[in-house]
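**Q** These are the residues of each chain, in order.
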Amino acid sequence: MMQHWIRQALLGSGVAKFCSGWLLLVVVAALAGPSVMPWDPAAVDWDALESPPDARHWLGTDMIGRDLLTRIMLGARISLSVAVVATLVSVLIGIPYGTLAGYLGGRVDQIMMRLVDTLYALPFILIVILLVVVFGRNSLLLFAALGAIFWLDIARIVRGQTLRIRESEFIGAARILGAGQTHILFRHLIPNVLSPAVVYATLTVPGVILAESFISFLGLGIQEPDTSWGVLIADGTANMESAPWALLFPASVLALTVWSLNMLGDRLRDQLDVQNKRV
Amino acid sequence: MLRYLLIRGLYLIVTFWVIVTLVFFLLRLAPGGPFDGERRLPAEVEQNLLAAYDLDKPLPQQYLNYLQMLVQGDLGPSFKQKDFTVAELVSAGLPVSLGIGGAALILAVVAGIGLGTAAGLRSGSVTDLLVMGTTNLGLAVPAIVLAPLLALIFAVWLDLLPTGGIGSPAHYLLPAIALSLPFVAAIARLTRGSVAEVMTQPHVTTARAKGLPDARIIRRHILPIALLPVLSFLGPAAAALLTGSVVVEQVFELPGIGRYFVQAALNRDYTLVMGVAVVYAAFILGFNLLVDLCYARLDPRIRLFGNSPGL
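Protein sequence lines, in the order shown, are assigned to chains A and B.
This note's numbering puts the first residue of the first sequence at 1, with every later residue one more than the last.
This note's numbering puts the first residue of the second sequence at 1, with every later residue one more than the last.
Honestly, the hints are just simulated from the structure, not real lab data.
The C-beta atom is built at its ideal place from N, Cα and C for all residues, glycine as well.
Check each hint, because a few of them may be wrong.
[What the hints assert, rightly or not] A partial selection of chain B residues facing chain A, derived with a Cβ cut-off under 7 Å:
{"#": "1", "residue": "Leu-26"}
{"#": "2", "residue": "Leu-29"}
{"#": "3", "residue": "Gly-33"}
{"#": "4", "residue": "Ala-140"}
{"#": "5", "residue": "Leu-152"}
{"#": "6", "residue": "Val-262"}
[What the hints assert, rightly or not] Covered stretches of chain B (in silico footprint by chain A; criterion: 3 or more residues with CB under 8 Å from a CB of chain A, positions within the stretch not fixed):
{"#": "7", "region": "246 to 257"}
{"#": "8", "region": "273 to 286"}
Taking the hints into account, I'd like the entire structure generated from these sequences.
**A** Printed below as a string of structure tokens:
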């Protein structure tokens, strides 16, 4: 049973329904897409090189005659899985780090958060480019590394939440009952910081998608024959004068997806705030 | 105040050192070296080349040498572009990158604050809905989407503006717009939120009850408070704009330092990568410090004497 506030956030208005619907479509297309399409994503259609959208190729073909819709679906698979992997990594680092800092408090907290502040000041894109050079073709490792950069926000949110909960009565009660530190940490604190962490994680996903497309756009990320939205946009850019559709479609899909994720993330956060005030 | 500056200065140096160290060792972790070409060099030649650039020394030694050079303000020779020093390459590319980044920053601040204030003063109005709707879209259209689209529309289809290169201010227009749009959107949303909040505060009601003209209320009573969050956003925004110019430099074929960085990282031009990173880091850290000092000056609640929060 989905909780009421989540349903309110995801389906509560026309715009929200549209965003949820679009994301559902993208996920389904990414999971099932390339295999149900009549075209192989790598197959060259010699009769339709660089052809505009028509009944045969709904979104046209690229410069070497590959079906664009199929390739966008393949790109969705990679862009989305990358986003999920990196977000998971960021949550796995951010939650324990933030909870620990907030729970221990005092000097430890100060030092831990000062480290976060220092990392915030790093020229993030430069580090990403370097990570790409280091990890090269291994895209899984690369995006785990991306996650290792995105945990900062989650850690901050979780720490704030922990500071708030630490003083609540039920924590005091647990302590009086003789519960140990680890027990309080894992059974009482972490479960209570999970929902804000997950909500902020939904706002991390579009950030990762953008970062991945940025890297791939520069030709540093996903390599042929695999593809991602960033790669498709870069290819489209190279030939935009003769085949504008090869730029317009992937660019719109990327923008629409990021927009939907931002919208739903914001709505989830707003609903969560309402939820917190009520408690 | 002096104590605050000293502590900040210390943090600045430590952060700078962290960046330099991180970049240095990350780069050396990467497989390959600057002299791996299509053809393998004869062993003696390669040995001599490595020796000439001190690359045959142990890594910690090289690291210390680099730090020593850096402290003396020397960025070293470029490994790949043989006739140039890193300093020469960086000073050729920096004005271009700073030009785009600076223009984008000004655009983002002016347009963002203007739109945000217009929306925040009348929350719930048509203007507000329009601004919030379009900025939401603006956040979702990154430079890698916007830069090629703008080039396609204004340079290829309408033939109004040049597509690439530098030479006239018009060459900077499209890149700056492409780079700034997400930041216009972010600043507009931030401004809108805080203007709407400040509007409800008692001192604004008082000012209105005194019969002050609207323009004066906005200028003297609302904006100085409402713009504080925008100010603190400017630090990270400036960093993102400066480094984000990598993409627009690529699309519009501008000879800035962002392109050097990508190229140099790919062909392991160690000193050039380090040089660009050092310059970026210096700008970003310097700008962050400037923002913090302005913040302290504008917000009377922050005292820089001893007990300021977060120190």
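**Q** Each hint needs a verdict: does it hold in this structure or not?
**A** Hints, one by one, checked against the model:
1. A hinted interface residue such as Leu-26(B) counts as satisfied when its beta carbon comes closer than 7 Å to some beta carbon of chain A; here the least separation is about 4 Å, so the hint holds.
2. Taken as an interface hint, Leu-29(B) checks out: its beta carbon lies about 5 Å from the nearest beta carbon of chain A, inside 7 Å.
3. For Gly-33(B), the interface hint is violated, since its Cβ never comes within 7 Å of a Cβ in chain A; the closest pair sits about 12 Å apart.
4. For Ala-140(B), the suggested interface contact is upheld, since its CB lies about 4 Å from the closest CB of chain A, less than 7 Å.
5. Annotation: Leu-152(B) was flagged as interfacial toward chain A, and the flag holds, the nearest CB pair being 5 Å apart, inside 7 Å.
6. For the restraint placing Val-262(B) at the interface with chain A, the shortest Cβ-Cβ distance is roughly 6 Å, inside the 7 Å limit, so the hint holds.
7. Given a C-beta distance limit of less than 8 Å, the hint that chain A covers the region 246 to 257 of chain B holds, as 4 residues qualify and 3 suffice.
8. Residue count for the region 273 to 286 of chain B with a Cβ under 8 Å from a Cβ of chain A: 7. That meets the three needed, and the coverage hint holds.
Consistency note: the structure conflicts with earlier hint 3 alone.
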